[in-house]
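Colleague: All chains, please: the whole structure from these sequences, using the hints.
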Amino acid sequence: MDRFEKTDKRWRIVKDWVIRQIDSGEWAPDSRLPSIRALARLFETSITTVQRALTDLEANAYVLTVPRVGYFVSASGRTGTLARPDLAGVTVNVNHAVVAMLSQAASGTSVSLSSAVLHSELTPHVLLNKCLGVVAGKADPAQAGLVAPPGLAALRRRIAGLMLTRSVVCGPDDILVTSGDTVALELALEAVAGRGATVAIETPTYYGILQTIERLGMRALPLRTDGEHGLDLDHLAQALQQRTVDVIFLNPTLQNPRGFIMPDASRARLVSLARDADVPIIEDDIFFDLAPEQARPRAIKSYDTTGQTIYCSSFSKTVAPGYRVGWCVAGRYRDAILAQMFSRNLAVASLTQNVLNEFIGRGYLDDHCARLRAQLATLTAFVESFVRLQMPAGCVYRPPRGGFIHWIELPPHTDMARFRRLALERGCPMASSDIFFASEHASTGLRLCLGRPLSAPVHASFAILAECAHEAAAQAGSQSRAVQLDQ
1 MDRFEKTDKR WRIVKDWVIR QIDSGEWAPD SRLPSIRALA RLFETSITTV QRALTDLEAN
61 AYVLTVPRVG YFVSASGRTG TLARPDLAGV TVNVNHAVVA MLSQAASGTS VSLSSAVLHS
121 ELTPHVLLNK CLGVVAGKAD PAQAGLVAPP GLAALRRRIA GLMLTRSVVC GPDDILVTSG
181 DTVALELALE AVAGRGATVA IETPTYYGIL QTIERLGMRA LPLRTDGEHG LDLDHLAQAL
241 QQRTVDVIFL NPTLQNPRGF IMPDASRARL VSLARDADVP IIEDDIFFDL APEQARPRAI
301 KSYDTTGQTI YCSSFSKTVA PGYRVGWCVA GRYRDAILAQ MFSRNLAVAS LTQNVLNEFI
361 GRGYLDDHCA RLRAQLATLT AFVESFVRLQ MPAGCVYRPP RGGFIHWIEL PPHTDMARFR
421 RLALERGCPM ASSDIFFASE HASTGLRLCL GRPLSAPVHA SFAILAECAH EAAAQAGSQS
481 RAVQLDQ
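Just so you know, we're using the working numbering here: the sequence shown kicks off at 1 and counts up by one.
There may be inaccurate statements among the hints.
[Said to hold, decoys possible] So the derived label-pair ranges between C-beta atoms look like this:
1. Asp-276 <-> Gly-133: 44 to 54 Å
2. Asp-140 <-> Asp-16: 20 to 30 Å
3. Val-66 <-> Arg-12: 21 to 31 Å
4. Glu-384 <-> Asp-264: 19 to 29 Å
5. Ala-28 <-> Asn-60: 14 to 24 Å
6. Gly-161 <-> Ala-463: 43 to 53 Å
7. Gly-394 <-> Asp-264: 25 to 35 Å
8. Ala-295 <-> Ser-385: 12 to 22 Å
9. Asn-60 <-> Ser-35: 18 to 28 Å
10. Leu-64 <-> Ala-295: 51 to 61 Å
Hints listed in this document are in silico derivations from the structure and should not be mistaken for laboratory results. Ideal Cβ positions, reconstructed from N, Cα and C, are used throughout, including at glycine.
Modeller: The structure is reproduced here in structure tokens:
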């Protein structure tokens with residue numbers, strides 16, 4: 001690689017990082033960017049390289065310059081994503097990368113920190129087995145019979161009760177039991193939109209949402225998303241005004257991968273915007289029970305008075321990952337989703353439905369989730385200490401207010417390809433952050449899933465990650481210094 005190739009790559013890295021800060025909501029409109037010299041020091045590159053990146057950003061309406069003052073995020077730069085050619089959304093292509101990540105996580109050769117599955121040691125096996133024994137002891141032939149959609153009536157009554165804790169008033173007939181949360185999300189998306197539709201999403205977002213969009217032949221419109229407050233509603237409002245959105249798809253509570261909880265006021269405004277534009281919302285609320293009681297929001301569905309919000313959730317992240325029992329409250333789309341379930345024979349196993357009905361009925365769910373939240377809070381404290389004491393300077397980490405998914409931004413100059421290669425070689429494979437973005441996006445984000453108790457292997461895996469992060473950051477820094485000298 002000659003000097004010009006290195007220079008070209010460097011300014012693009014600076015440009016992509018600035019775009020990420022703006023698109024993610026980290027830098028608000030009208031806020032001042034760091035000085036050219038500060039950016040040059042941050043990336044250990046030349047002032048000329050930074051100026052080239054900023055010139056390109058200004059040409060694309062991301063930033064504007066105020067003579068003798070500096071560069072600022074464009075106020076119209078809230079249209080940054082929409083001002084680009086992807087006005088109608090972007091084609092999603094993440095499935096191959098996700099399959100590779102999941103295959104690696106399922107190999108069982110190492111402690112997986114990539115797969116968001118609650119570990120066996122944190123699931124209530126003793127209580128589930130007790131309920132299983134009770135169900136088996138009833139010797140009811142119906143237990144082994146087919147429970148057709150919409151699902152076991154007794155379980156749907158239990159779920160209707162659970163929905164009250166989410167501030168959603170509904171009856172058993174409003175609930176459809178599904179084969180996990182992902183199936184509920186796919187059924188919901190198929191019910192509200194067709195091939196070629198544009199789906200507004202958070203940035204970054206859960207790769208399962210992206211896979212569903214890709215599989216159904218739809219397009220994604222990534223919207224700026226703040227790491228603390230969630231979806232940028234002004235950005236969404238612009239998209240709705242331009243009629244570039246067919247459906248809004250989001251994961252607002254302990255969002256995967258960034259862990260934030262969207263505030264109640266924002267949820268209410270979101271529903272108002274969607275109602276005025278007559279655009280449906282799909283709410284993926286799979287982590288609700290992992291949020292501390294004092295931090296729990298109202299479900300977006302609770303603000304909906306028109307039935308255009310579809311609420312989806314599951315017991316997979318809290319009780320029994322292997323049971324694959326989820327549900328949706330489908331509002332005006334209930335009949336359309338139910339028809340899909342019948343046409344595709346999407347009945348859920350009767351045994352698991354009966355066991356979960358017994359589990360909830362005996363009061364086990366609340367006690368188990370309380371214990372689980374306490375255990376996960378301890379793990380979050382560990383991650384916070386780990387980032388502060390062992391990771392390279394310049395890392396950004398916002399401890400989530402619950403759950404077991406953690407998003408760490410490594411220093412901006414980190415060579416992520418080298419980081420992943422080193423981690424893989426040392427027995428701690430990590431997924432690329434690309435799977436959380438709908439289109440090409442320069443990111444030093446790292447999603448860690450710690451849904452298991454601390455142990456010697458876990459500590460060893462985190463130590464490996466710290467070593468690899470330091471080496472990848474140091475290597476990138478030395479390369480950038482070489483480029484600067486070449487210039």
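Colleague: All hints, please: hold or fail.
Modeller: Checked hints:
The hinted range of 44 to 54 Å is satisfied by Asp-276 and Gly-133, whose Cβ atoms lie roughly 52 Å apart. A hinted range of 20 to 30 Å is violated for the C-beta pair Asp-140 and Asp-16, which are about 60 Å apart. Range check, Val-66 to Arg-12: Cβ separation about 25 Å, and the 21 to 31 Å hint holds. One distance hint, 19 to 29 Å for the beta-carbon pair Glu-384 and Asp-264, holds here, with the actual separation near 26 Å.
For the pair Ala-28 and Asn-60, the beta carbons lie near 18 Å from each other, so the given range of 14 to 24 Å is met. Look at Gly-161 against Ala-463: about 45 Å separates their beta carbons, and that is inside 43 to 53 Å. Checked against the hint of 25 to 35 Å, the pair Gly-394 and Asp-264 passes, with Cβ atoms roughly 33 Å apart. Hint check: Ala-295 to Ser-385, Cβ distance near 21 Å, so the stated range 12 to 22 Å holds.
Taking 18 to 28 Å as the suggested C-beta distance range, the pair Asn-60 and Ser-35 conforms, at roughly 21 Å. Look at Leu-64 against Ala-295: about 37 Å separates their beta carbons, and that is not inside 51 to 61 Å.
Consistency with the previously given hints fails for numbers 2 and 10, ordered from lowest to highest.
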